[in-house]
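Visitor: Go by the hints and put chain B onto chain A.
There are 2 protein chains.
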Amino acid sequence: MIKKQKEGTLIVLSGPSGVGKSTVISQLLSNREDLYFSISFTTRQPRVGEENGVNYNFVDRDEFERMIAAGELLEYAEYVSNYYGTSLKVINDKLAAGIDVLLDIEVQGAAKVKSLCPDAVLIFIIPPSFEELSRRLHGRNTDSEETIAGRLQKAREEYKEIPRYDYLVVNDRVDNAAAEITSILTAESCRVKRRIHLTEGV
Amino acid sequence: MIKKQKEGTLIVLSGPSGVGKSTVISQLLSNREDLYFSISFTTRQPRVGEENGVNYNFVDRDEFERMIAAGELLEYAEYVSNYYGTSLKVINDKLAAGIDVLLDIEVQGAAKVKSLCPDAVLIFIIPPSFEELSRRLHGRNTDSEETIAGRLQKAREEYKEIPRYDYLVVNDRVDNAAAEITSILTAESCRVKRRIHLTEGV
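Residue numbers (this note's numbering), protein chains in the order written: chain A, 2 to 203; chain B, 2 to 203.
It should be emphasised that the hints constitute simulated quantities derived from the structure, not laboratory data.
What you are looking at is a predicted structure, and each value in this text was computed from that prediction instead of being measured.
Some hints could be false.
Because identical chains share one entry, a pair is satisfied inside a single copy or across any pair of copies.
To be verified - Within a straight-line C-alpha distance of at most 25 Å, the following computed DSS-like cross-link-like pairs (lysine-lysine) qualify:
| hint | residue 1 | residue 2 |
| --- | --- | --- |
| 1 | 113 | 194 |
| 2 | 115 | 161 |
| 3 | 194 | 161 |
| 4 | 90 | 161 |
| 5 | 7 | 161 |
| 6 | 90 | 7 |
| 7 | 161 | 22 |
| 8 | 95 | 113 |
| 9 | 155 | 194 |
| 10 | 7 | 155 |
| 11 | 22 | 194 |
| 12 | 115 | 22 |
| 13 | 194 | 115 |
| 14 | 115 | 95 |
The following block holds chain A by itself, in its conformation from the complex:
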């Protein structure tokens, strides 16, 4: 029996600003070291502690617009006045090599990815409550009141897109949320469409 090489799975994580996605992703990547985390390109300013090439590839608006024009992006979107986008080639190479790829992108980008790649797995992360989200945004001490109000309003709009997602994870505790996402990835690898080759040749 010849087993076809299996393609990797594309996993999209979204969630409102302040939900703690980066921390959940760090934990997830330590649970699943074989997972490739695609680093997005962005025109926003690095926050304290963020590094170019680690958290994001930070580029200026001119460079980002050049990438758009050259067709180098799988998806891109403007979010709170900054561009965010995902490199196409890197992802395709990893998937073809059978590696699961994780993307951290917002709702517009996620919808675009799902339309281009219907097998992508879309996961939305929410905080335990909106009050908690507000508390976390204030606790970060990086944004003005006005920016925070904008982020909360944006979060309300994003919640309306949750029905487009496959899974909903509550970030009550980072280890719980990362464990649930790890289970989702295991389950997705067990889907009949991804394993049917195991039944060939019987």
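Guide: Same frame as chain A, but now just chain B:
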């Protein structure tokens, strides 16, 4: 915010005779003690070590046919000349109380359940190979060569129904298979359709 009580999830496990489903189920039930395992009714003879009310509810053909006529069964099927069926009322009560229910049923019954309950999660368990399945059936020392040949032929037919299932799990080692099914149940509880109530009232 008032959270609606969530209904339990109906999980169907199928797999060829000899794949080791009962052992996987025992392990799964110790991983997930909140899971309710629905004991099927059958007209087949108990095997050595099997107990009435534990492995199956063993009944005779007349009683089984009375249950069919009285509409007491969610599904039933004839398999290797014996009836197997699932009680409707017990399952509905558990699901309504928010308890996940596990059914061990063959492919005809699984298709019936999926048509009656589209949200049911269907999992098919296969052995690492057909040679291994044959070895396990012989090792059981309970069936004649003829019965084993019949079971292997039946298994080949069952494999054709795998595309109707949601997930495919390989029982290479019992603990691996049970862990994968546990992850599937966790992932299914995270599906947006089962958690969308968490986003209400925002």
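Visitor: Next step is simple, just say for each hint if it's right about the structure.
Guide: Tested hints:
no.: 1; hint: 113 with 194; in the structure: both (22 Å within a copy, 21 Å between copies)
no.: 2; hint: 115 with 161; in the structure: within (17 Å within a copy, 29 Å between copies)
no.: 3; hint: 194 with 161; in the structure: between (29 Å within a copy, 14 Å between copies)
no.: 4; hint: 90 with 161; in the structure: neither (31 Å within a copy, 37 Å between copies)
no.: 5; hint: 7 with 161; in the structure: between (34 Å within a copy, 21 Å between copies)
no.: 6; hint: 90 with 7; in the structure: within (19 Å within a copy, 42 Å between copies)
no.: 7; hint: 161 with 22; in the structure: within (19 Å within a copy, 41 Å between copies)
no.: 8; hint: 95 with 113; in the structure: within (19 Å within a copy, 40 Å between copies)
no.: 9; hint: 155 with 194; in the structure: between (35 Å within a copy, 23 Å between copies)
no.: 10; hint: 7 with 155; in the structure: neither (38 Å within a copy, 28 Å between copies)
no.: 11; hint: 22 with 194; in the structure: between (29 Å within a copy, 22 Å between copies)
no.: 12; hint: 115 with 22; in the structure: within (20 Å within a copy, 35 Å between copies)
no.: 13; hint: 194 with 115; in the structure: both (17 Å within a copy, 18 Å between copies)
no.: 14; hint: 115 with 95; in the structure: within (18 Å within a copy, 35 Å between copies)
Checked against the numbered hints given earlier, this structure breaks hints 4 and 10; the rest are met.
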